[in-house]
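**Q** If you want the building blocks of each chain, they are given just below.
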Amino acid sequence: MAAIFQGVGAAAALSSSPSNSFDSKKFVSSPLRKGASFAVVRSDGRVNLNPKGRRAQQLISNAVATKSDSAAASSSSKPGHELLLFEALQEGLEEEMERDLRVCVMGEDVGHYGGSYKVTKGLAKKFGDLRVLDTPIAENSFSGMGIGAAMTGLRPVVEGMNMGFLLLAFNQISNNCGMLHYTSGGQFTIPIVIRGPGGVGRQLGAEHSQRLESYFQSIPGIQMVACSTPYNAKGLMKAAIRSENPVILFEHVLLYNLKERIPDEDYICNLEEAEMVRPGEHVTILTYSRMRYHVMQAAKTLVNKGYDPEVIDIRSLKPFDLYTIGNSVKKTHRVLIVEECMRTGGIGASLIAAITENFNDYLDAPIMCLSSQDVPTPYAGTLEEVTVVQPAQIVTAVEQLCQ
Amino acid sequence: MNSASCAAKISTQPFSLNPTSPTSHDNPLVFPKPTSLFLGSTRKLRLSSSSKLNLHRRSGTVVAVSDVVKQKKSKSTPSLLITKEEGLELYEDVILGRAFEDMCAQMYYRGKMFGFVHLYNGQEAVSTGFIKLLKQQDSVVSTYRDHVHALSKGVPARAVMSELFGKTTGCCRGQGGSMHMFSREHNLLGGFAFIGEGIPVATGAAFTSKYKREILKEADCDHVTLAFFGDGTCNNGQFFECLNMAALWKLPIVFVVENNLWAIGMSHLRATSDPQIYKKGPAFGMPGIHVDGMDVLKVREVAKEAIGRARRGEGPTLVECETYRFRGHSLADPDELRDSAEKAYYAARDPITALKKYLIENSLASEADLKAIDKKIDEVVEDAVEFADESPVPSRSQLLENVFADPKGFGIGPDGRYRCEDPKFTEGTAHV
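Respectively, the protein sequence lines represent chains A and B. For the first sequence, UniProt numbering assigns the number 1 to the initial residue and increments by one for each residue that follows. For the second sequence, UniProt numbering assigns the number 1 to the initial residue and increments by one for each residue that follows.
Derived by calculation from the structure, the hints in this document are not laboratory data. Every residue, glycine too, gets a C-beta built ideally from N, C-alpha and C. Hints may contain errors.
Claimed, not checked - Residues from chain B that keep clear of chain A, each with C-beta distances beyond 12 Å, as calculated:
(1) D102
(2) M103
(3) A105
(4) R110
(5) M113
(6) A283
(7) A332
(8) L337
(9) A344
(10) A347
(11) K371
(12) T429
As the list claims (entries may be wrong) - Here are the computed lysine to aspartate or glutamate pairs in the DMTMM-like style, where the Cα-Cα straight-line distance is at most 20 Å:
(13) B/K376 with B/E85
(14) B/K217 with A/D100
(15) B/K250 with A/D134
(16) A/K126 with A/E95
(17) B/K210 with A/D134
(18) B/K212 with A/E98
Bound conformation, chain A alone (with noise of 0.2 Å):
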């Protein structure tokens, strides 16, 4: 196999320096911007132009570039501010509400409390208690009253105090949240935002480890999206609330103190779009939320081993950005799909089929997913750690896909 080694530098800390979406903007927007091919090397040496080849691609302006491209270079001639994911988070929700009177927030404890990761601090005290709304404990109905403000003109913004909570609240997410738009043939829009922390934390227990995202992703009419670093929580808060589509945001509880500089303009992150971590040549590695944490770990194990990992975020859960993965998958061949989600029908079993599906001619060895046991998460710190991927088993099942 060719070996191509990349400079050690550009493995990511564990907290992602802005350089990774400066990266996915330089990546990814080039050669679509100018409807190029490229070439893929395949192991045994032969050479293949783009088997698509050239393609007149009129995109839609904003399908690959975020709001402007000049962020990508704002990142270095301004500073940006340095923040946490959950004010981030904070930030993108305050601007927003701000910039449109129709946007508010509805939840448990999200006014006076602030929110029990403290996403909505402070915005009671300036927008007031009817656009912060500190509901009562009613999960279905306080989602189906977001979803009926949302029917009549208004954006809400509804937080599940966990995601897990929002089980509860099923009923109203798929049946009205999803499919309104389509039973009323069109008349009704439902641009609500449906966000929360999930994910396993520090021994919270089973009930309070849970990750929605593969209940939520056969609902049709929803969008998925899962933020990982401040930068791109900020983005894609954003990005929701101005769509005018229902869109689940899932926070993960681990990742809320996060720190990163971030741009000081205005900058929203495409929901449909994957973000590219690490650039490589060897492996894919696709993954998402927390999991892009143990993953970045692992590859600097690996890139020490003399390995290529290209890592890309997946962030939109539903719908998968085929392009991005295509485009690696097309380049390195294999594939490793990293993800919190239990085994059983989670959303590395659905990216395996869209793979599969798609992809299967560049395929050199079969895709693998580590996903978090089918289990209910314990309680015990032991037990609990063995549940979710590790990085020691990212890095094992690297060396054993490449072989």
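Since the structure of chain A is provided, determine the placement of chain B on it from the hints.
**A** Frame of chain A, contents of chain B only:
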């Protein structure tokens, strides 16, 4: 209208005593026949004295209908509850509701519509009594028994019939069907198949009304939302959760319970520990009213007060309308459980017969006027069927169109283009 029969009962205090439970603890499987308790009990529910009308918290804006009628009749010149114009409007609406539903049954058995179709025969007084008081900007939220709510709100009969036939000219382009009637123009927010799931949506619409007034500074926004649902729904969590939130935030909403005593085959009395639903309002801090739902004018009087309360910003009201469906739960229901004596009792209280009698006895309309309306409605319904018959079925291209308001939601395909840009998308054959 005969004020001696069932009057409106108001309750503003929490019901502190448990009524004698109809179930016997010795033999918990024995339940009384529904005919015995509720039918005769309308007389027991009537207020015994007007002193009970002293409303403690909510001001005396809600009164017993029997008193309103008594007051009006006590004036020297007999004054009526409605004018001639209003009377004819109400009559036309109830006749439209009845004729339309009868036609639906015919069309169903002829194979023009399919699935679950729930007809409203017998309950017209509730829809007409309430909805004819609304403005266009007011919202209505209903359940699967929504054809007549749609018609009363102003959705053209043609659009409803086409929707039932699954044609593209239907109010929801044929994508909703019988249980999902929506109209943006007339502010009909659905049409929901699961019971109870429309109530939070209605609460949201009322929330928007309050938000518009207070945040968006549309000072004259006094839009009211009506949520219609049945007796079975009143045992569902969403009902109680929304009563709480609506009262908490004083939302401009009226919760209208169409208590027809039956949830498919489950009698209300077998399902509910305290069958008097209106008494559940005060537990949440809103007035609860019980009204004879077979009587358009009584419903209308109560509706005026409840809608007025909401418009003035005084908060929600719970109105329980005692009504009855003459047909089965749906066209697939053989309707074998209900006692024929019960059916006969309510058939004798047909809202259309009663309204007709009132209009004629009080010289508001002549037989000829009413016959003319009957004929007009027959024509409207015939025309609706013709229109629906001739309308085209949705083409394949419609399949993917309304899944997302922003079709970019289907994502980016392997070739880098958004899937919605694929020409096959508009043909309905794109791989999404």
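**Q** Are the hints correct? Go through all of them and say.
**A** Results of checking the hints against the structure:
Under the 12 Å C-beta cut-off, the non-interface status given to B/D102 relative to chain A holds; the minimum distance is some 26 Å. Under the 12 Å C-beta cut-off, the non-interface status given to B/M103 relative to chain A holds; the minimum distance is some 22 Å. Separation of B/A105 from chain A is adequate, the least Cβ-Cβ distance of about 23 Å exceeding the 12 Å criterion. Remark: the non-interface label on B/R110 is consistent with the geometry, its nearest Cβ contact in chain A lying 25 Å away (cut-off 12 Å).
For B/M113, the requirement that its beta carbon stay farther than 12 Å from each beta carbon of chain A is met, with the minimum near 16 Å. For B/A283, the shortest C-beta to C-beta distance to chain A comes to about 15 Å, beyond the 12 Å cut-off, and the non-interface label holds. For B/A332, the shortest C-beta to C-beta distance to chain A comes to about 21 Å, beyond the 12 Å cut-off, and the non-interface label holds. Once the 12 Å rule is applied to beta carbons, B/L337 is consistent with being away from chain A; the minimum gap is 28 Å.
No Cβ of chain A comes within 12 Å of the Cβ of B/A344; the nearest lies about 38 Å off, and the non-interface call holds. Under the 12 Å C-beta cut-off, the non-interface status given to B/A347 relative to chain A holds; the minimum distance is some 34 Å. Residue-level check passed: B/K371 sits 37 Å from the nearest beta carbon of chain A, beyond 12 Å. Every CB of chain A lies more than 12 Å from the CB of B/T429, the least distance being 16 Å, so the non-interface label holds.
A threshold of 20 Å between alpha carbons decides the hint, and for B/K376 with B/E85 the separation of about 16 Å falls inside it, so the pair holds. Taking the CA atoms of B/K217 and A/D100, the gap is about 14 Å. The hint holds against a cut of 20 Å. Restraint check for B/K250 and A/D134: the C-alpha separation of about 15 Å stays at or below 20 Å, so the hint holds. For the suggested pair A/K126 and A/E95, the alpha carbons sit about 12 Å apart, so the restraint of at most 20 Å is met.
Only pairs whose Cα atoms come within 20 Å are accepted, and B/K210 paired with A/D134 is accepted, the gap being roughly 16 Å. Under the criterion of a C-alpha separation no larger than 20 Å, the hint pairing B/K212 with A/E98 is consistent with the structure, at around 16 Å.
When each numbered hint is compared with the structure, no violation occurs for any of them.
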